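J.: We have chain X; now place chain L with the ligands onto it with these hints.
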Amino acid sequence: MADGSDPRPDPGAGAVPPGPGGAAAPPASRVTLKVNGTEHDLRLDHRVTLLDALRGHLLLTGAKKGCDHGQCGACTVLADGRRVNSCLLLAVTQDGADITTVEGLGSTAGDLHPLQRAFLERDAFQCGFCTPGQLCSAVGAIAEAAAGHPSHATGADALTDPGPVTLTAEEVRERMSGNLCRCGAYPRIVDAVRDVTA
Amino acid sequence: MRHVVLGTAVGRAEGPEKVTGAARYAGDHAPAGCAHAWPVAATVPRGRVTAVDAAAALALPGVLAVLTPHNAPRLGPSDDPTLQVLQDAGVPHRGWYVALAVAETPEAARAAASAVVVTYEAAGHDVGFRADHPGAYTPEEANGGHPAHREHGDPDAALAAAAVRVDCSYAVAPLHNHPMEPHAATALWDEAGGHLTVYDSSQGSGPVRAALASLFGLPEDRVTVVSEHVGGGFGCKGTPRPHVVLAVMAARHTGRPVTLALPRRHLPAVVGHRAPTLHRVRLGARSDGTLTALTHEVTTHTSRVREFVEQAAVPGRVMYAVPDSRTTHRVVALDVPTPSWMRAPGEAPGMYALESAMDELADALGIDPVELRVRNEPATEPDSGRPFSSRHLVECLREGADRFGWASLRTPRREGTVLCGTGVAAATYPVLISPSTARAHALADGRFHVEVNATDIGTGARTVLAQVAADALGVPLDAVTVAVGHTGLPSASLAGGSSGTGSWGWAVHDACAALTARMAGRHGPLPGGGLSASADTAGSAGQKSPYSRHAFGAHFADVRVDTVTGEVRVARLLGVFAAGRILNPVTARSQFVGAMVMGVGMALTEHSSVDPVHGDFAESDLASYHVPVHADVPDIEAHWIDEHDKHLNPMGSKGIGEIGIVGTAAAIGNAFRHATGRRLRSLPLTPDRVLDVLA
Ligand code: FES
Ligand code: FES
Chain X
1 MADGSDPRPD PGAGAVPPGP GGAAAPPASR VTLKVNGTEH DLRLDHRVTL
51 LDALRGHLLL TGAKKGCDHG QCGACTVLAD GRRVNSCLLL AVTQDGADIT
101 TVEGLGSTAG DLHPLQRAFL ERDAFQCGFC TPGQLCSAVG AIAEAAAGHP
151 SHATGADALT DPGPVTLTAE EVRERMSGNL CRCGAYPRIV DAVRDVTA
Chain L
199 MRHVVLGTAV GRAEGPEKVT GAARYAGDHA PAGCAHAWPV AATVPRGRVT
249 AVDAAAALAL PGVLAVLTPH NAPRLGPSDD PTLQVLQDAG VPHRGWYVAL
299 AVAETPEAAR AAASAVVVTY EAAGHDVGFR ADHPGAYTPE EANGGHPAHR
349 EHGDPDAALA AAAVRVDCSY AVAPLHNHPM EPHAATALWD EAGGHLTVYD
399 SSQGSGPVRA ALASLFGLPE DRVTVVSEHV GGGFGCKGTP RPHVVLAVMA
449 ARHTGRPVTL ALPRRHLPAV VGHRAPTLHR VRLGARSDGT LTALTHEVTT
499 HTSRVREFVE QAAVPGRVMY AVPDSRTTHR VVALDVPTPS WMRAPGEAPG
549 MYALESAMDE LADALGIDPV ELRVRNEPAT EPDSGRPFSS RHLVECLREG
599 ADRFGWASLR TPRREGTVLC GTGVAAATYP VLISPSTARA HALADGRFHV
649 EVNATDIGTG ARTVLAQVAA DALGVPLDAV TVAVGHTGLP SASLAGGSSG
699 TGSWGWAVHD ACAALTARMA GRHGPLPGGG LSASADTAGS AGQKSPYSRH
749 AFGAHFADVR VDTVTGEVRV ARLLGVFAAG RILNPVTARS QFVGAMVMGV
799 GMALTEHSSV DPVHGDFAES DLASYHVPVH ADVPDIEAHW IDEHDKHLNP
849 MGSKGIGEIG IVGTAAAIGN AFRHATGRRL RSLPLTPDRV LDVLA
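These protein sequence lines are chains X and L, in that order.
For the first sequence, the working numbering begins at 1 and goes up steadily by one.
For the second sequence, the working numbering begins at 199 and goes up steadily by one.
Think of the hints as simulated: they come from the structure by calculation, not from any bench.
Predicted model only: the values in this text are computed from it and were never measured.
Be careful, since some hints might not be right.
Which residues of chain X face chain L? A partial, calculated answer using Cβ under 7 Å [claimed, not checked]: (1) Leu58; (2) Gly62; (3) Gly66; (4) Cys67; (5) Ala74; (6) Pro114; (7) Phe119; (8) Asp123; (9) Pro132; (10) Cys183.
Over the 12 Å line for every Cβ pair with chain X, so calculated as not near, a few chain L residues [claimed, not checked]: (11) Leu273; (12) Thr395; (13) Glu579.
Ideal Cβ positions, reconstructed from N, Cα and C, are used throughout, including at glycine.
Bound-form chain X, shown alone (with noise of 0.2 Å):
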């Protein structure tokens, strides 16, 4: 969008000009970043965490900002297939990284990402503000299970074992901890997460 596309008028696509008194405009860099398959050169002001960038500056709003401290997983994105609470990186320091968002996961009817059909089906939100986040961090905690990470519901015999973890119930709960719905829809997404890795 840096080259140009971005419909906003340009106050350097982020850069922030000078204050009036002559004050120096803060300090910014070039940024690239690859967002759903596409790659953005952006010039970012340092502040700029990488949740508005994606939401401010690529428009790509599916990630929402809950709290903008890292305490309800609103704005969970993949960044290099790990989930990210994006809210608590500044886009500075993700240069060159590989992202995917709620959008990156599936946009049309026809391409949806299993997650999101289960979602669909199980009902698995109601406001659906907390469920970009939801889903991405599924992705991601489906992907660490596969890899054999542990939680703490990981029984201790599993924990020497390096093969993936088996995803129960009481292992989703666990892993997604940290994405908050005050909807209450945890049971029906503990059911979409299993419908996917059953």
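T.: Below, chain L with the ligands without anything else, positioned relative to chain X:
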């Protein structure tokens, strides 16, 4: 052929948009040239702003303006004084907004807000809530228009004469709604056309439009408010909140579109909270369990800005057959943020107290708690004497007990260091209904389009209204589209008090019935523009019913208490509800279960406290205010019984958004008592309290 769509399991109409991130919430709108605003909150518990030095903030790059009580535009009148932001130098409580920074980017706006230097003249403050506060008074009314005080017979004499008595005090701490979407608004002021457009995170765009029109001196037809997708509300977005006023102020002041998304930590001080309640409940009974006396005395707090009285003694007027009763509220105005609605205001804390006391009475009598409730089933509403339009509490209790396996779980167990027990509580929530309007169009291509300014805050309103419409039109569901969430649509009531589906559905039903009648009189194809019909339920839904109308329910909980860590966990939670006709079992179950999850939070983890020195809520963010997470929530069962009630609305439905929270905390607290033999009378049941009571 008749298409059966009402009562069938239909997925959410907007589901695909929500799972792909395409659904736009208020803060997701980025109009060309959009600026960002960041509010500055007062840092004294009470006092006056003596000066605001914005020089450093304005010198920062990208900063457009700093609004203060001294330079902010003057506002017109509002019913709600919390909307009169930046109008004078007074600071009624900590967290009250005293300035607003507007800048090109969110980063610059935040930096500017923290660079604003506000000087105060601090005044003495009092935030210390207690039942014997000398300032406590009996208000005229509690929330919902309920009389603050009701008395029947001579409850004191009846208590004195009772064979068995309980006299207990319960406490519920302040609670925060914390919808996952913090309040946000994007405002566009079209100077040339004189038109204001606002995307607001609200439970009702109609009331937002009315308030903004008055505050900014505009005719209502020059204001458009859109609340298409809303990330939860649970009451705290029920009426306009200060953020939307500030966003519009900033847009008019700078001539730029402005987005304001409240920082999470600001919410507790500016969007309302569930006020703390202290309860004294006294029950008198004969030895067979028949209640002879009930008193429920509630003390709560409000702010000095606006009186709001949590109507927690009201459920005692509905629940049980008691000849002699007193249900009463007292309130003390303190230098605290203004409380407001939070899911089942009144019923949630009130039924926690009443249903805990019923459990204590069952213990004292040695009567099964399900049986005790059944024995006190009233023939008519105890307070008004009006007949119930329908009441199936006993059926809920019986079916719940069956499904839960209640009879086989009445012996507390110990598994190592863990104590296990079960508890039950009843629930009730009134049927509220408001007049609304709707319009239905038959399109030339054979499809139908229904318009109603309902708000879908996650309830599934779009979906169920399409079902109501398809049913009334006698057409398949996929022939109907529904538009909601925009003030350009026929006006309708807000999404609150579990009144949405009944109120909007009634108007949609009537509009579709009128359209069907118009079409029945016609032959041949529709005109090119199609046919339309409108409905206004002012005359029907607005009428007072001769019936007492309430939903009822029963909650059953199975809990585990770790005697080493003090942790209480819910192993099973089951609810059975009698809430009229269930119009969509999928979205209904999500609402019941979701509210029960919030009840788990109320029981086990959620509490806030007002810092006596600083005057603010100590637990203001999601790291300190603990809403339930996945790991706290077991599989939850919600069931309902078939209830046919002709005295409600054309669909036969009662509201279902709130009753799920009502009995949950008491059922869990009662299960704790069953497991441990000890009772905790303050929520939540946190490890510190648990270890204390077990010691
Ligand atoms: S917005 Fe990032 S964790 Fe809440
Ligand atoms: S669906 Fe509303 S917060 Fe999860």
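J.: For every hint, state whether the structure bears it out.
T.: These are the hints, each one checked on the structure:
| no. | hint | result |
| --- | --- | --- |
| 1 | Leu58 | violated, 11 Å |
| 2 | Gly62 | holds, 2 Å |
| 3 | Gly66 | holds, 5 Å |
| 4 | Cys67 | holds, 4 Å |
| 5 | Ala74 | holds, 6 Å |
| 6 | Pro114 | violated, 11 Å |
| 7 | Phe119 | holds, 5 Å |
| 8 | Asp123 | holds, 5 Å |
| 9 | Pro132 | holds, 5 Å |
| 10 | Cys183 | holds, 5 Å |
| 11 | Leu273 | holds, 27 Å |
| 12 | Thr395 | holds, 17 Å |
| 13 | Glu579 | holds, 31 Å |
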